[in-house]
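Asks: First to last, the sequence lines map onto chains A and B.
241 is the number that our numbering gives to position 241 of the first sequence; each next residue is one higher, with no gaps.
91 is the number that our numbering gives to position 91 of the second sequence; each next residue is one higher, with no gaps.
Any given hint could turn out to be false.
[Said to hold, decoys possible] When the alpha-carbon atoms are kept at most 20 Å apart in a straight line, the in silico SDA-like pairs for lysine to any residue are as follows:
#, chain 1, residue 1, chain 2, residue 2
1, A, K182, B, T211
2, B, K425, A, E212
3, B, K225, A, T219
4, A, K266, B, L426
5, B, K422, A, N269
6, B, K225, A, E212
7, B, K225, A, T216
8, B, K51, B, N78
9, B, K225, A, S221
[What the hints assert, rightly or not] What follows is a list of derived Cβ distance ranges for each label pair:
#, chain 1, residue 1, chain 2, residue 2, range
10, A, D33, B, N78, 54 to 64 Å
11, A, Y268, B, K379, 24 to 34 Å
12, B, K379, A, L189, 27 to 37 Å
By construction, these hints were calculated from the structure, which means they are not laboratory data.
Even glycine gets a Cβ: it sits at the ideal position worked out from N, Cα and C.
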Amino acid sequence: MSRSYLFIPGNTPSMLQNLDVFESDAVIIDFEDSVVDYDKDAARLLVKNFLNKFNFEHTEIFIRINDADSRFFLEDVKITKDLNITGYVLPKALPKSVLALSNLTDKLIIPIIESPMAVLRLEEIAHTKNVRGLLLGAEDLTKELGINRTVEAMEILYTRSKIVLVCNAYGIDSIDTPFTNKDNIDDLLIDTRTAKNLGFTAKSSIHPNHVEIINTTFTPSEKEIFEAKRIVKKAEKENKGAFSLDGKMIDLPIIEKAQKVLEKAKKYNLL
Amino acid sequence: MDIKNNRKPIIISHFDDFFNQVDIHKNKNISFHHHLRNGDFILNRVLNKYKEYNVMDLNIFPSAVFPTYISILELIKNNQIKNITTNYLNGPVADYISENGLPGILTMQTHGGRARSILEGRNSIDIAYIAVPYCNKEGNAIGYKGKNACGSLGYPIPDSEKAKIVVLITDTLVNEKIENPEIKGHNVDYIITVDTIGDKNGIVSGTTSITSNPIGVKIARNTSKLLYELGLIKEGFSFQSGAGGVSLRVTKDVKDIMIKEKIKASFFSGGITKYHVEMLEEGLVEKLYDVQCFDLDAVKSLSKNENHIPISASRYANPNDNQVIKDLDVVILGATEIDYDYNVNVTTDSHQTIIGGSGGHSDTASEAKVTVIVSPLIKGRIPVIKTRVTTITTLGQNIDCFVTERGIAINPNRKDLLSLLKNSKLNIMTIEELGEIAYRFTGIPKENKSEETIIGVVEDRTFEVIDKIYKK
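Same shape as in the complex, but just chain A:
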């Protein structure tokens, strides 16, 4: 139930050392794009030694390994499989590569959906063993489609909606693509709200300064918590499948949604 997933480079000690400082619910230590080929082995050793020495109780830790077709994939898994991490983030995911990874580890997997084929085969990917959620990689996806990213993000609306539907249907997390302009906080807010309104459960980021807005947006508001409390309280009192509150019909899905809001609020110490 993490709200935020922060990518940090696996070869930068100062970032690793502070991985729990930025208040991201989950951190994705990157071995892929932010680490050049000649530094991959150094990153693996650094991360291994670091995570063997330090525990982070309140932050979920994932590692983005290199994709299954790359020459780094197997070594990435081999060196990290015994580390105390929540799981792996797998780039360029397709059903075959997700299955290959799930055969190598019992840790959770978050495939990155960043190709048209992955979008078409979302369901196969979503129900592979140990898949915890799907992460949209809009930059690579739009690159493959030969289209530009825009602030309005209409070009990824279909993919976003499809990911949300599939994840919801399979009961896994849906994680939105990072917002790539690190200094444009106003547009980040719009983009994050859009993701939440579409139904994403979380958003990834590539800059620590984005985490606060993401966490705030994906945290139930005071009003939402207040309403959820009323609904749950009335449901307990009425003990019926459906009832009326302020003239509105409340039934099981609404009660369950309210319970989820309270669950989140409890997790983030808001009750």
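Got chain A; can you put chain B on it based on the hints?
Replies: Then chain B, alone, in the frame of chain A:
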């Protein structure tokens, strides 16, 4: 106020002529100001004459020493300088003194302490060389006009009032009347005209931008939340923050809270930047009390906004003056090191190299109702928290809060603050606990402090020596 002269100052149009008229061998206590910072042409030009005239046993009183002041280094190496008294020191001169000391002593004062020392005759200045960007023939001068405007001339005002010989050096000499001059003509003995007093590009400090470094952002956010929870951001509050990136980020975060809560501050003081000016222009603060401008926006504002007020270092922080900072609610300050007794060092690094000095650090910490130190817990693999700081710049008794990216420590002496934070969701811990977190990452650095040869002293504005500086 003393009025020294009833006659007009002597105007000298050839720089060298002054040194033919005044016996510089007899007047060896000389002072300078640092408002022109690394754009200053005057200090080196003057001291080169002392080199040329081979004046020995000099005692110099620059308000700060910047990397560009290489003539000081040459004079030290020539054995011509005996003592240096200043508020801030970095660059090659600082490096050299750290390793070699002086024939006499280095005295590190504070902005308020320097002003008080001069006004009370403890720092006895024979000749004050004061570069001024705009001056009339009566010797009235201001800093915020002219081709090399630097803003407020806060630091040399005490020098101009007490030095035996006051020399203004300017590249803009005018006939017009100057209203409310910062340097008053009746104190001035000589005006030397030169082509240029400096390089405008070096005058603005260039370090005055809000940090976007994530650790700095986190520290600033923790700080603004702390101030808010302590109820310090309230109608009419007063505030000072430095020009460092984190301090400015705190200012921005405080500004956001002020806008949201419709709060107006009474004044901001100290070094002024465009961010403070924006808040003045947006009606978020009533007055800016400016002892030095850090950028050109601040300089421009000073020339046009009557609520942006230049003040002298004495009015700023001299405890025997009507000091502005006595009404200060909150000050945000940095630290190179802090220890378990909350003593703060901004004078030397952990290898005993002199890298700065108090400036107004110690002054404002002494007076502000709440003094907040902001710093990353670890800087360049070195923990900021130590058992004992290498050099005390500001006494721990004057420090109230220490804010880092991982938590906030409150000085146990401030039980009132701790009580207000009893139910806070902020990560409040002891400074020892913060230290433990840092040491988990860094280990405990081996102490390697040399204490064989004293090269300097740190003096606060009460004139008490609060620590010694040792040769590396």
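Asks: Against each hint, give a clear statement of whether it holds in the structure.
Replies: Evaluated hints:
1. A:K182 to B:T211: Since the Cα atoms of A:K182 and B:T211 sit roughly 13 Å apart, the hinted pair holds (cutoff 20 Å).
2. B:K425 to A:E212: holds, 16 Å
3. B:K225 to A:T219: holds, 19 Å
4. A:K266 to B:L426: Cα-Cα ~17 Å, so holds.
5. B:K422 to A:N269: Roughly 17 Å separates the two Cα atoms, so the pair holds.
6. B:K225 to A:E212: holds, 14 Å
7. B:K225 to A:T216: Status holds; Cα separation ~15 Å.
8. B:K51 to B:N78: holds, 8 Å
9. B:K225 to A:S221: holds, 19 Å
10. A:D33 to B:N78: 54 to 64 Å: holds, 57 Å
11. A:Y268 to B:K379: 24 to 34 Å: holds, 31 Å
12. B:K379 to A:L189: 27 to 37 Å: holds, 32 Å
Consistency note: the structure conflicts with none of the earlier hints.
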